[in-house]
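Chains A and B, in that order, are what the protein sequence lines are.
The opening residue of the first sequence carries number 5 in the numbering used here; numbering runs sequentially from there.
The opening residue of the second sequence carries number 4 in the numbering used here; numbering runs sequentially from there.
Hint data in this document are derived by calculation from the structure and do not stem from the laboratory.
Check each hint, because a few of them may be wrong.
The calculated DMTMM-like cross-link candidates involving lysine to aspartate or glutamate, where the alpha carbons are at most 20 Å apart (straight line), are [to be verified]:
| id | chain 1 | residue 1 | chain 2 | residue 2 |
| --- | --- | --- | --- | --- |
| 1 | A | K446 | B | E38 |
| 2 | A | K138 | A | E154 |
| 3 | A | K404 | A | D266 |
| 4 | A | K386 | B | D166 |
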Amino acid sequence: MLETLPFRAIVPIDFEFDFGGHASPEEAGRSGERPRPTCMVAKELKSGQTWRRRRGEFDSTPPFSTDASTLFVAYYASAELGCFRALGWPTPARILDLFTEFRSLTNGLTTPAGNGLVGALIHFNLDTIGTLEKDTLRARILRGEPCCPEFLDYCTTDTDALERLLPAMLPGIDLPRALLRGRYMAAAAAMEFNGVPIDVPTLTALRRHWHDIQDQLIRAIDVDYGVFEGRTFKVDRFEKFLADQGIPWPRLESGALDLSRDTFRQMAKSYRVIAPLYELRHALSEMRLHDLAVGSDGRNRTILSAFRARTGRNQPSNTKFIFGPSVWLRGLIKPPPGHAIAYVDWVNQEFGIAAKLSGDEMMIAAYLTGDPYIAFGKQCGKLPHDATKASHPDTRQLLKQCVLGIQYGMEAKTLAFRIGQPEIVARELLHAYRDTYRKFWKWSDAAVDHAMLFGTLHTVFGWRVHVGEQFNPRSLQNFPMQANGAEMLRLACCLATERGIEICAPIHDAILICAPIDRIDDDVAKLREAMNEASRAVLDGFELRTDVRVVKYPDRFMDDRGAVMWQRVMQLLARCQQSEGAA
Amino acid sequence: MADKPKLHAVEDPPIDGIPPDPFNLDELKLGQDFEAATGVRKLLTTVPVRKPGRQEWIRVHPGENYRATFGVIDLKADSEFYLLTANMVRHFSDEVILVTIYTAINKQGVLFLWPARLPTPNDRGRVARWYSSAIEAAELAMKRSVRVKSNLSLGAYETTVTDNPLPENDPVWPDLTFQELLRIGFQKTGCFVDNFDHPIIKQLRGL
Chain A
5 MLETLPFRAI VPIDFEFDFG GHASPEEAGR SGERPRPTCM VAKELKSGQT
55 WRRRRGEFDS TPPFSTDAST LFVAYYASAE LGCFRALGWP TPARILDLFT
105 EFRSLTNGLT TPAGNGLVGA LIHFNLDTIG TLEKDTLRAR ILRGEPCCPE
155 FLDYCTTDTD ALERLLPAML PGIDLPRALL RGRYMAAAAA MEFNGVPIDV
205 PTLTALRRHW HDIQDQLIRA IDVDYGVFEG RTFKVDRFEK FLADQGIPWP
255 RLESGALDLS RDTFRQMAKS YRVIAPLYEL RHALSEMRLH DLAVGSDGRN
305 RTILSAFRAR TGRNQPSNTK FIFGPSVWLR GLIKPPPGHA IAYVDWVNQE
355 FGIAAKLSGD EMMIAAYLTG DPYIAFGKQC GKLPHDATKA SHPDTRQLLK
405 QCVLGIQYGM EAKTLAFRIG QPEIVARELL HAYRDTYRKF WKWSDAAVDH
455 AMLFGTLHTV FGWRVHVGEQ FNPRSLQNFP MQANGAEMLR LACCLATERG
505 IEICAPIHDA ILICAPIDRI DDDVAKLREA MNEASRAVLD GFELRTDVRV
555 VKYPDRFMDD RGAVMWQRVM QLLARCQQSE GAA
Chain B
4 MADKPKLHAV EDPPIDGIPP DPFNLDELKL GQDFEAATGV RKLLTTVPVR
54 KPGRQEWIRV HPGENYRATF GVIDLKADSE FYLLTANMVR HFSDEVILVT
104 IYTAINKQGV LFLWPARLPT PNDRGRVARW YSSAIEAAEL AMKRSVRVKS
154 NLSLGAYETT VTDNPLPEND PVWPDLTFQE LLRIGFQKTG CFVDNFDHPI
204 IKQLRGL
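Given these sequences and hints, build the entire structure.
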């Protein structure tokens with residue numbers, strides 16, 4: 005079967021690496037350091053030639069060709085390609101990542117043994133011998149022990165496993181599009197290698213005083229709520245606060261208040277008065293500043309977990325990635341001296357994708373106005389013709405919640421909660437949306453029909469979701485927007501990294517880059533062109549607009565939603581430092 | 004001295020096919036026209052025959068071939084209309100009323116057949132007003148959304164329109180002929196009367 009592949013050479017490859025030597029895998033995982041290759045085993049499957057290299061034996065180029073006639077095969081290739089970067093090796097031109105392909109083959113279905121290499125072998129009833137029980141060896145490698153034959157043998161077992169897995173998976177692989185996914189894994193490796201610049205002195209001070217700051221935060225914020233007793237959140241007091249404020253809070257079937265993070269987040273969006281309390285609860289319970297993975301060069305680095313989400317989006321660790329924890333913490337992002345960062349995002353990406361892919365002219369017209377929420381209001385008669393964001397801020401907010409919610413398949417009851425209005429208002433809004441964007445709804449309903457009839461749904465570039473035993477029609481309905489948005493982001497990342505732009509991180513519908521101050525404008529222009537190109541490729545020539553924010557040293561990045569909390573925390577930090585100085 | 008080995012260029016062996024190019028995006032694109040791919044269409048299996056509800060905003064199909072006048076029996080006790088063939092109408096002229104059946108649809112997209120009674124030369128004053136006001140409402144509903152409700156003090160149907168200055172979206176009418184709608188609305192429900200053995204005829208005859 006491998007003979008039929010149109011490549012002169014097929015090279016499965018595996019690297020073992022450490023991050024400079026750490027006491028435990030967990031510590032290594034949050035080190036934020038770049039990989040340091042320990043050893044490599046690669047095998048050319050047509051000739052049988054094998055290359056085993058250990059640290060100190062790596063040449064300046066790989067021992068095999070990396071041009072388009074060679075198929076480079078790996079399992080979660082950004083790890084191997086990160087080692088290529090560390091060694092200064094060129095990126096292979098054709099990358100087949102069996103991880104992304106296993107995800108694509110099973111996305112939406114249950115994989116009892118997981119999505120790792122062993123999980124894939126078990127899925128295809130292949131021998132897992134040698135690939136199990138490797139934790140001890142892996143821990144030794146991560147400790148930074150010098151490479152020994154045992155490590156090389158261990159590395160060989162993974163390459164051998166790839167050799168067994170490839171022919172089993174090949175009939176189910178859509179090779180042309182699989183190579184596009186492989187191309188993204190090279191971009192992911194570049195982004196993971198670059199990392200996000202962090203203001204390390206401030207992070208260090210925050211870590212040092214975090215416990216005191218938490219206590220002071222409770223005192224400062226709880227003044228407006230009176231719901232804490234010491235460090236304990238008292239539900240009965242919160243219930244009274246809600247009653248006093250007239251806020252209808254979602255409840256569980258048991259009748260108790262739903263205090264989940266998701267509900268708090270949603271309610272904080274609907275009721276601004278809840279937002280500080282949401283941030284406080286998050287700061288107290290979930291935020292572990294020590295988990296934020298920042299390397300010795302001041303860069304936040306973690307595995308992006310590409311293709312982990314059902315939509316094909318990246319799913320990096322919430323605690324290790326700077327864009328994971330609370331939005332206020334993003335104030336720690338700061339360009340290094342002489343540099344600037346730029347955050348470029350697509351404006352109303354999901355709405356634009358829905359409009360173009362469905363071909364709904366009303367929706368396209370709304371997108372093109374630049375403010376689809378106001379445009380929707382005018383189209384459905386809820387706003388006068390001369391309405392603007394300034395003249396009708398409240399109605400716009402209502403319409404915005406409606407548009408965003410409906411895209412996620414929200415129904416009247418949930419929407420009513422979200423907008424803080426009676427259900428009949430939500431029903432009316434939903435009806436207005438359905439009535440205004442009929443072509444979109446027809447297309448969207450057809451997408452779900454397609455999924456149910458054929459068992460799968462696909463994006464423009466072939467990322468699939470399968471309909472398994474447990475499926476959610478609302479997430480199927482939303483899949484084309486989310487997953488094609490993910491395609492767009494991946495493609496933009498490919499184009500930008502291939503054109504030499506230093507991408508620090510991809511963030512949902514945005515890209516963060518870093519460049520010397522005198523080059524940032526040029527790089528922003530190049531990035532926007534890459535994003536436009538990606539948009540045109542996914543949306544058949546349609547360009548979604550992009551927005552840019554540039555931050556130059558010594559300024560720091562700030563997410564508007566977290567600005568107040570950041571100020572508050574910084575004031576408390578200054579107070580802690582003063583007390584420490586005085587003591 | 005041993006001969007130096009002769010070096011010569013060796014061509015790579017040919018490979019079957021052209022390796023896929025992940026940079027040629029046009030070649031990689033897949034269609035997103037799920038409608039065409041599935042060929043799914045909604046089947047209309049129920050068409051209620053009724054007057055518009057008091058709270059309902061409706062439109063009436065403006066096509067002339069989507070309305071017609073028939074003789075029907077209005078079984079008020081059961082809120083049912085029975086459609087009679089021309090032959091049957093002749094035999095039951097006392098029971099039969101003449102109605103124009105309009106094709107109507109509400110804001111929720113529910114299609115229904117609206118039988119609006121025609122005034123006869125014998126109907127005068129208040130009675131005639133009831134019937135003609137319903138027909139006027141149906142005609143207005145061909146152009147814009149209306150709400151129709153009976154007003155006893157007025158002695159007529161009251162028609163409400165909105166002041167929304169925006170042009171309305173035209174309703175999506177099903178891709179069925181009026182005859183097909185009648186078949187679903189009357190024949191499928193047993194409300195089409197074309198012979199004397201029909202239960203409603205027996206009931207009217209006290210059999």
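### Query
So which hints don't hold here, by number, going up?
none
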